[in-house]
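J.: Residue numbers (the UniProt record's numbering), protein chains in the order written: chain U, 1 to 415; chain A, 1 to 551.
In silico SDA-like cross-links for lysine to any residue, where the CA-CA straight-line distance does not exceed 25 Å:
no.: 1; chain 1: A; residue 1: 411; chain 2: U; residue 2: 349
no.: 2; chain 1: U; residue 1: 95; chain 2: A; residue 2: 370
no.: 3; chain 1: A; residue 1: 310; chain 2: A; residue 2: 237
no.: 4; chain 1: A; residue 1: 47; chain 2: A; residue 2: 125
no.: 5; chain 1: U; residue 1: 95; chain 2: U; residue 2: 165
no.: 6; chain 1: A; residue 1: 47; chain 2: A; residue 2: 171
no.: 7; chain 1: A; residue 1: 47; chain 2: A; residue 2: 175
no.: 8; chain 1: A; residue 1: 411; chain 2: U; residue 2: 345
no.: 9; chain 1: A; residue 1: 310; chain 2: A; residue 2: 238
no.: 10; chain 1: A; residue 1: 411; chain 2: U; residue 2: 402
no.: 11; chain 1: A; residue 1: 310; chain 2: U; residue 2: 123
no.: 12; chain 1: A; residue 1: 411; chain 2: U; residue 2: 338
no.: 13; chain 1: A; residue 1: 411; chain 2: U; residue 2: 321
no.: 14; chain 1: U; residue 1: 95; chain 2: U; residue 2: 299
no.: 15; chain 1: A; residue 1: 411; chain 2: U; residue 2: 392
no.: 16; chain 1: A; residue 1: 47; chain 2: A; residue 2: 121
no.: 17; chain 1: U; residue 1: 95; chain 2: A; residue 2: 356
no.: 18; chain 1: A; residue 1: 411; chain 2: U; residue 2: 324
no.: 19; chain 1: A; residue 1: 411; chain 2: U; residue 2: 299
no.: 20; chain 1: A; residue 1: 411; chain 2: U; residue 2: 360
no.: 21; chain 1: U; residue 1: 353; chain 2: A; residue 2: 414
no.: 22; chain 1: U; residue 1: 118; chain 2: U; residue 2: 161
no.: 23; chain 1: A; residue 1: 411; chain 2: U; residue 2: 298
no.: 24; chain 1: U; residue 1: 95; chain 2: U; residue 2: 357
no.: 25; chain 1: A; residue 1: 411; chain 2: U; residue 2: 343
no.: 26; chain 1: U; residue 1: 95; chain 2: U; residue 2: 313
Some chain A residues well away from chain U (every beta-carbon gap over 12 Å; in silico):
no.: 27; residue: 76
no.: 28; residue: 260
no.: 29; residue: 482
no.: 30; residue: 508
Bear in mind the hints are in silico, worked out from the structure with no lab data behind them. Using N, Cα and C, we set each Cβ at its ideal position, and we do this for glycine too.
What follows is each chain in one-letter form.
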Amino acid sequence: MSPTRAPLEERNREQRRAEIRRAARALLREPLLRGEGRTADDFRLVRQYARELREWFDRNTGWPLQVDSEIARLRKSPGDVHVSTHAARETGGAKLPFTRRRYVLFCLALAVLERSEKQIALGRLASNIVLEAAEPSLAGTGIAFTLEDRGERTDLVAVVRLLIELGVLGRVAGHEEDYVRDTGDVLYDVRRRVLAGLLTGRTGPSMITAEPFEERLAALAADPALDAMDSDDLRNRSLRHALTRRLLDDPVLYHATLTEAEAHYLTSQRAAITTRITELTGLVAEVRAEGIAMVDPDDDLTDVRMPEQGTHGHITLLLAERLAADGTAPVPLARLEADIRELARTYGGYWSKTAREPGAERELVARAVEKLAALSLAETGTDPATGEPTIAPLPALARYAVGEPVVRTAGTSRP
Amino acid sequence: MSAAADPRTATPDDAPEQPSRHRPFSYLTAPNAPLYRAVMGVFVREKERYTVHLRPEEVHRLLPDAHRPDEPDTVVDALDRLTEWGNLRPDPDTTRVTAVEDFYRRRYIYQLTREGEAVEEALAAYDAGLGRRGALQAVALADIEARLRELLAHTRQESPDAAVVHLALRDLAGRFGDLADNARAFMGSLQRTIDLHDADVAAFLAYKDRLIGYLERFIGDLVVTGSAVARLLTELERPGLDGDPAVDRLLRIAAERDAEDAAPDGPGTTDPAARPDSTALAAALDLWRGRWDGLRGWFLHSSGHEPQAKLLRSAAHSAIPQLLAVVSALNERRSGRSDRSADFRALARWFAAAPDDASRHRLWRTAFGLYPARHLTVDATTLDARQADPVPPNTPWAEAEPLRISPQLRKTGTYERRGKPNRITDRTAERRHLAELNRKQAEEIAAARARLDTGGPIRLSDIGELDPAAFGLFLGLLGDALSTWRPGTTHTVATSNDGGMAIRMRVLDSGGTAEIRTPHGVFRGPDHLVEITDVDGRAAEEAYGQEAPGT
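Can you build the whole structure from these sequences, using the hints too?
T.: Right under this line is the structure:
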């Protein structure tokens, strides 16, 4: 049929599919969307297609999608709890990952907000956190807060800013800087719906009694209702969920990281799983001998990019090249730092000023390595002989190569 | 100094004269400080009972058990040392004795010196200041009110009794000072969240009811008495007989009495030759005016200042919910109830106890699930190439055609993304085509809508025949209308999702069946009266000056 004659339904269907795709990608990028502010448009789309999305996620990933008049929340849980490259980060500045103290402060702040009125002042929040932190079982871990010195106040403000970004708090009056300097206070609205949607697991952490850390984490990620039953059908379902989760969330799924049952299931169901993901999200399966990567033609369903413009992106690229050239052997970080010094002589002219300063290598290498590890292109380790930190390339690193220099570049002659 | 000049003093003649005025404080740092302190305590207590002189035996007897030495002579030594520092003054004991050895023994009676007394007062104030738990005195308010009434009565007299006025004002100032001090301490301790960070939990829970009751009583008193006080203050500030505020006369009377007491060589000693001079009077009057301003600032609005009493009241008010929050936090902590707050507390413990930062990041990801998806990218050129020539799934990454990174990016760290610009130019034609398609379809929809517009209420059975586009729209509208239909409904109004069309439906008493014919079949249902309005279409028509002919 010629496109001019395309009936209304066909066009509607096409538009629906595009909108569902946008909604699904929005949820995968940001699993908690609010009906107001920055995420309002995405929220509206998700709400419009809530039924379709809920069905898809429930069937393929086991992630509940909850949509009400204020928030849309996809209760994601990772397919692989061993990935440690998704830290909570401060919202501004260097976007440093959260520290032990900040994580604890974050949870205590939520515990306080859970019981607070509709509004709260930062000073009141702080004093109630100090009260919570005095709980013997917490104090027993050796952590203590007085929130009196500047460093601790800065930690609290980093936590509060993350809560603002998530939409749990809305600033009404005042500035956090004044609180840090002890010259003022800040007033917030507490958004209870958002607060109620923060935890993702099926089991409340307070109900989990498992002791060592790994067991706690496993208990937190588990779905007790599903685990209690046992049938082939359910086993297959949980395999499908785990694999789909990893393919939806993680850059590369290496076969080497799968259990036997998972590998078996993936072999038989690979096409079905990846096709469904492509239909929903537009991600394309890159199937190779070592594993599968769902790659993104739109390049926006990610928080870490490679290749990327700018000094850090450039350095990551150059180091990746060095790493790939060495085969699969782990490389000591110290050697990469030496490489940076050498590369700076050739390419330093294109880099930011701070990157060219002597002594910047450590930070530059750390950031590049963090990126490569986050994208499953390399993995960090330690040299058993020397105890030095090392980094080793992973197979997917080989998917990058520099293009033939037929494309015009600055400086070469133009046709 | 009289004590030092006394020839019978126990001070050794060769003792170096300490230049410091604060020598009487020396005993606090002396080796036997607790004993000295206890001895001085005896003197202070006895002075309150108007006993001026004490014999060493009496001091020994009156010492608290904990500090009483076995040997009475130890007390004598202590008394001597205190005399040396200037805290005590010995006087010869002239009472009759009944034993010879007593007669030969050096006998003195002791009394506090002015310096010694000042030291004790300072220490008492110091202890009280530190030990204050921020109690609020409701009684103080009643006292203040009574004194103000008394003063008001005085302003109405022709010549008030100076002594009585002075006394009343002094008492007022004292009570008010107490209240203000306590209030300050109270507000301070509230700020520290009821001092609970390290308090004994059981004790706090037992204490809290009394504390809350007390706070409520205090707030009540502050409201009732506070407003009475404010009224009295206003009354006292009304212009009196001479045009000045009535209270001014009273303040001047008090100041004059103070100035009379004040001698040129300092307070305390009375010298009949000293006359109150004008500077002393002015200073005293300033002092009293300052006190009065402090008092009125507490209870009355002045420009730009909330009265302190109001601030105190709101602090006490907000303290109650704060206390209750602390209580419920403690109770929850004890009962171990599971709710979200408990969940967050549990997580806080887990984060604190996690072995390293990597574990904490994993815990964060698993517990909160707020992480974004993360994917590698692929460019359009590569994608097209792969579609044309698929890579077999068992190819290792190293052997498959890689993603070509722009040499420009490789070299400089910046690039115009490869591939995309081509695509954009490629698509302009398609875009134009799509736009054309859009326009045509929009026209089709508009036409279908216009066809569906009934222009007024008609029966369903009168609609007759509809083409597929119009029928699709009609079904949508019918669905919208029926979704509002409840048992017993006879009439409903609904609007399409986009707000472009509206439908009214009413049940027909006559009943009957309506038929709508379409190219694909016949739609049947109970007959209704319907009115379908193409809201957008009509608005557009109006905008075009009703150019469009009715279809």
